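**Q** Chain by chain, the residues:
Protein chains: 4
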Amino acid sequence: MVIDLNGDLGESYGRWHVADEAAIVSALTSVNLACGFHAGDPTSLRAAIRLAATHRVAIGAHPGYPDLRGFGRVAMALPPQQVRDDVIYQLGALQALCHAEGEPLRHVKPHGALYHAVAEDPASAEAFAEAVAAFDAGLPVMVRAGSSAEEVMESAGLQVLPEAFLDRGYYPDGSLVPRQRPGALLHDLDEIAERALRLVRHGLISAIDGSDVRLRAATLCLHGDGVNAATAAHRVRDTLLAAGVTLHPASA
Amino acid sequence: MVIDLNGDLGESYGRWHVADEAAIVSALTSVNLACGFHAGDPTSLRAAIRLAATHRVAIGAHPGYPDLRGFGRVAMALPPQQVRDDVIYQLGALQALCHAEGEPLRHVKPHGALYHAVAEDPASAEAFAEAVAAFDAGLPVMVRAGSSAEEVMESAGLQVLPEAFLDRGYYPDGSLVPRQRPGALLHDLDEIAERALRLVRHGLISAIDGSDVRLRAATLCLHGDGVNAATAAHRVRDTLLAAGVTLHPASA
Amino acid sequence: MVIDLNGDLGESYGRWHVADEAAIVSALTSVNLACGFHAGDPTSLRAAIRLAATHRVAIGAHPGYPDLRGFGRVAMALPPQQVRDDVIYQLGALQALCHAEGEPLRHVKPHGALYHAVAEDPASAEAFAEAVAAFDAGLPVMVRAGSSAEEVMESAGLQVLPEAFLDRGYYPDGSLVPRQRPGALLHDLDEIAERALRLVRHGLISAIDGSDVRLRAATLCLHGDGVNAATAAHRVRDTLLAAGVTLHPASA
Amino acid sequence: MVIDLNGDLGESYGRWHVADEAAIVSALTSVNLACGFHAGDPTSLRAAIRLAATHRVAIGAHPGYPDLRGFGRVAMALPPQQVRDDVIYQLGALQALCHAEGEPLRHVKPHGALYHAVAEDPASAEAFAEAVAAFDAGLPVMVRAGSSAEEVMESAGLQVLPEAFLDRGYYPDGSLVPRQRPGALLHDLDEIAERALRLVRHGLISAIDGSDVRLRAATLCLHGDGVNAATAAHRVRDTLLAAGVTLHPASA
Numbered sequence: 001m002v003i004d005l006n007g008d009l010g011e012s013y014g015r016w017h018v019a020d021e022a023a024i025v026s027a028l029t030s031v032n033l034a035c036g037f038h039a040g041d042p043t044s045l046r047a048a049i050r051l052a053a054t055h056r057v058a059i060g061a062h063p064g065y066p067d068l069r070g071f072g073r074v075a076m077a078l079p080p081q082q083v084r085d086d087v088i089y090q091l092g093a094l095q096a097l098c099h100a101e102g103e104p105l106r107h108v109k110p111h112g113a114l115y116h117a118v119a120e121d122p123a124s125a126e127a128f129a130e131a132v133a134a135f136d137a138g139l140p141v142m143v144r145a146g147s148s149a150e151e152v153m154e155s156a157g158l159q160v161l162p163e164a165f166l167d168r169g170y171y172p173d174g175s176l177v178p179r180q181r182p183g184a185l186l187h188d189l190d191e192i193a194e195r196a197l198r199l200v201r202h203g204l205i206s207a208i209d210g211s212d213v214r215l216r217a218a219t220l221c222l223h224g225d226g227v228n229a230a231t232a233a234h235r236v237r238d239t240l241l242a243a244g245v246t247l248h249p250a251s252a
Numbered sequence: 001m002v003i004d005l006n007g008d009l010g011e012s013y014g015r016w017h018v019a020d021e022a023a024i025v026s027a028l029t030s031v032n033l034a035c036g037f038h039a040g041d042p043t044s045l046r047a048a049i050r051l052a053a054t055h056r057v058a059i060g061a062h063p064g065y066p067d068l069r070g071f072g073r074v075a076m077a078l079p080p081q082q083v084r085d086d087v088i089y090q091l092g093a094l095q096a097l098c099h100a101e102g103e104p105l106r107h108v109k110p111h112g113a114l115y116h117a118v119a120e121d122p123a124s125a126e127a128f129a130e131a132v133a134a135f136d137a138g139l140p141v142m143v144r145a146g147s148s149a150e151e152v153m154e155s156a157g158l159q160v161l162p163e164a165f166l167d168r169g170y171y172p173d174g175s176l177v178p179r180q181r182p183g184a185l186l187h188d189l190d191e192i193a194e195r196a197l198r199l200v201r202h203g204l205i206s207a208i209d210g211s212d213v214r215l216r217a218a219t220l221c222l223h224g225d226g227v228n229a230a231t232a233a234h235r236v237r238d239t240l241l242a243a244g245v246t247l248h249p250a251s252a
Numbered sequence: 001m002v003i004d005l006n007g008d009l010g011e012s013y014g015r016w017h018v019a020d021e022a023a024i025v026s027a028l029t030s031v032n033l034a035c036g037f038h039a040g041d042p043t044s045l046r047a048a049i050r051l052a053a054t055h056r057v058a059i060g061a062h063p064g065y066p067d068l069r070g071f072g073r074v075a076m077a078l079p080p081q082q083v084r085d086d087v088i089y090q091l092g093a094l095q096a097l098c099h100a101e102g103e104p105l106r107h108v109k110p111h112g113a114l115y116h117a118v119a120e121d122p123a124s125a126e127a128f129a130e131a132v133a134a135f136d137a138g139l140p141v142m143v144r145a146g147s148s149a150e151e152v153m154e155s156a157g158l159q160v161l162p163e164a165f166l167d168r169g170y171y172p173d174g175s176l177v178p179r180q181r182p183g184a185l186l187h188d189l190d191e192i193a194e195r196a197l198r199l200v201r202h203g204l205i206s207a208i209d210g211s212d213v214r215l216r217a218a219t220l221c222l223h224g225d226g227v228n229a230a231t232a233a234h235r236v237r238d239t240l241l242a243a244g245v246t247l248h249p250a251s252a
Numbered sequence: 001m002v003i004d005l006n007g008d009l010g011e012s013y014g015r016w017h018v019a020d021e022a023a024i025v026s027a028l029t030s031v032n033l034a035c036g037f038h039a040g041d042p043t044s045l046r047a048a049i050r051l052a053a054t055h056r057v058a059i060g061a062h063p064g065y066p067d068l069r070g071f072g073r074v075a076m077a078l079p080p081q082q083v084r085d086d087v088i089y090q091l092g093a094l095q096a097l098c099h100a101e102g103e104p105l106r107h108v109k110p111h112g113a114l115y116h117a118v119a120e121d122p123a124s125a126e127a128f129a130e131a132v133a134a135f136d137a138g139l140p141v142m143v144r145a146g147s148s149a150e151e152v153m154e155s156a157g158l159q160v161l162p163e164a165f166l167d168r169g170y171y172p173d174g175s176l177v178p179r180q181r182p183g184a185l186l187h188d189l190d191e192i193a194e195r196a197l198r199l200v201r202h203g204l205i206s207a208i209d210g211s212d213v214r215l216r217a218a219t220l221c222l223h224g225d226g227v228n229a230a231t232a233a234h235r236v237r238d239t240l241l242a243a244g245v246t247l248h249p250a251s252a
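Residue numbers (the numbering used here), protein chains in the order written: chain U, 1 to 252; chain B, 1 to 252; chain R, 1 to 252; chain G, 1 to 252.
No wet-lab data here; the hints were simulated from the structure.
If the Cβ cut is set under 7 Å, some of the chain U residues that face chain R in the computed set are: (1) Val74; (2) Ala75; (3) Met76; (4) Ala77; (5) Leu78.
For clarity, every value in this text was computed on a predicted model and none was experimentally measured.
Where is the CB? At the ideal position from N, CA and C, for every residue including glycine.
Throw the hints in and build the complete structure from the sequences for me.
**A** What follows is the structure, encoded as structure tokens:
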């Protein structure tokens, strides 16, 4: 039993520092770095890359919509061509910063509203796939396990890393409960850790109606911005390790 | 006698299109592409890269200060570390877009107020040199001919392409008359063309007091944003070609 | 027969100047000024206010989504509370600039994707109405004639100025053909002028299927960003004047 | 003995929340609200206005340079005309949000690098004074006590509220030690409180060389972004109250 634990990093901007980024990184095997459009100025990104390197986690790019104020969480009806070009731009920018720190870029994962657009809208998924293929066709892509994006990425010749969420509510069809709806966010640490273990062991997660959803996940997402984010991440890590699960970057 | 003619490209932003970019490119041998901080969204940059490719000109990066409203022409007292990281970010972003179009990145030239900071402030020049060296130490750097930046770039192991300006007034010490001062901008096309020829033939340019400034220039800058920009560029090109000068990218 | 002709103004940003703004203003009776979120930096806005004052046209505010790159034309799923606060912010900013020039603010009209959201999504319309009512309940609001926004504004106690479009295609239900669809934009100047006259005389406009749509319009919109924008505006103006129509700001 | 204690508020931006803003407000009599250019999106500003109203402190505007990433602390060589227009824009925007909450705007204070430009550069001070005078000539302006800005504001017919800093080092000429220099920031709470009392009682503050600087201050600035900011603010407040000093907004 092997799994990857991924979380976001580099989400500061200028004087606004996201606290506790260090606290969560030590629980992870992969990190997704903001690329400047929804968060992450170049100087704070370099600091985040150094932090990731210190903890020997795999560094990925986390491109998002060009919306600092909305933190990339606002759905935007961008033309696919613009999505593609924005993603290429962000991948190049982050890779250059990684290269300056001597660190390789190991995967890519769309952020926020772009993540959901990629999971649900084939035109957005194709634009994203085109961008990654044009930039570096060897870069694996994290997308929501069970979404149509899996097939789009594979058709573009990209390696897919299907991802499941431990602290987000699921509908019976495998889609996520939107953030503003009841049941969107789970807070019970025992439940979150139990979900992780069940996913790794059995490929199953409970939907909000109590039914089981079958998910084939290569990586589990741990959010960093909740109150108990770091505690939750370490609880998941410890639970998995205690059960004999090997933690390893999915991109390796 | 060989010289490079360079000009700026990719200076549109979203719906704001800079007119006549095509008209000037056909006169040039090298173009400097904005990188998104002072101008150039990813989609308009891809269009500019394709335009440059069509005209077979050498493509360079033109990173600037993060100031869309001021078009990168406002002096900003940024910490050197931030200048360095911003330049790495921009170089990576533009290179990724070039790569997606199958075009190589051939040189780099600081833009606007950053250009002047690099020419006049050693800390800024060192930050810029560090950025280029960290990104790709084989990338030649255009800096103002005769400025202290030449030595800073050479000390960092970078190839320098000294640059002279045809349509800007010079002080006797070889520095440029600031844009808001009288004599900053030359408009007479005959005079501009004559300055080009004299620079290539004799390495001399007239300062605003009538004295001669000696400049060793590998590339001549032609601005694209004046009323007669394209006409001026073609007049310079034709004058040089008629005099038997070979036009060739300095980065080659 | 009295009608208002309105058009957009103040859509420059920093060094990017929108050409010909003066050419169209002379044809109008009301102008809608960008407020800085999708276009219009404070200094270019002051110049636009002075231009409007010179032509004695009624000045209105044209608040939009916070998206310079997309020029406010990208649909954004913003929380209504944020729409409301953004509109209040923009109204205050523009009014302060008008006050500094001694000019009154006479109306408000949502811009771009926000215009369409107000016309089609009641939550957006309510947020917009709340903003105007909180700012100045005496400020009339231009919304799409026949849209549900008319009722929302009236319920909020605001004066409605129903608006029709001369150069945009209509569906039989009175909604606009989206910009990226065939038939969205009309280019024939005779047809545009004829539509204006028919609207004023009979309250009718032809839909793309040839059927008639009944519209009660207090103001007619003339876009400023097409190739023949100024020519079209003057053709409409001249046609209406020749037919004995009085042109007058709807807000007066 | 009467004095005003002022501090900054509304410095969040989108998802980046500045912690502990509530903790410091309860110690103050006046607050300076960011206006969107260096911090403060409209929705977070409304929350800050409500917070200020709850604590019954006087609300002022804190306009800054257009630089989110640098938080308005980067010196920018903006043309005076642009400074003026930017300040008018920000004042109008903030006042509209205050008006929507039923709160009056009571003073204005330049932020960060603009504060220093106003204190040291007469052209910037004049541009700022012009903006306030054009917006509302009855609005008092906080500027550095002893700076040339005092005279500029008075010449423009504006009421000046001279300000002293408790946690910043002073040079013997009354200017502030720049943030990046040794001695710029004081951290000892006893010393800060003692400085407050001495300033109110005797109009004197110790410079970094031990000499005394005479300052006539109507308001004392308490920074909110240090580690012990709230503790320091309350210590100053308690010390002054215990010594019989009356705390009252200087703008009242």
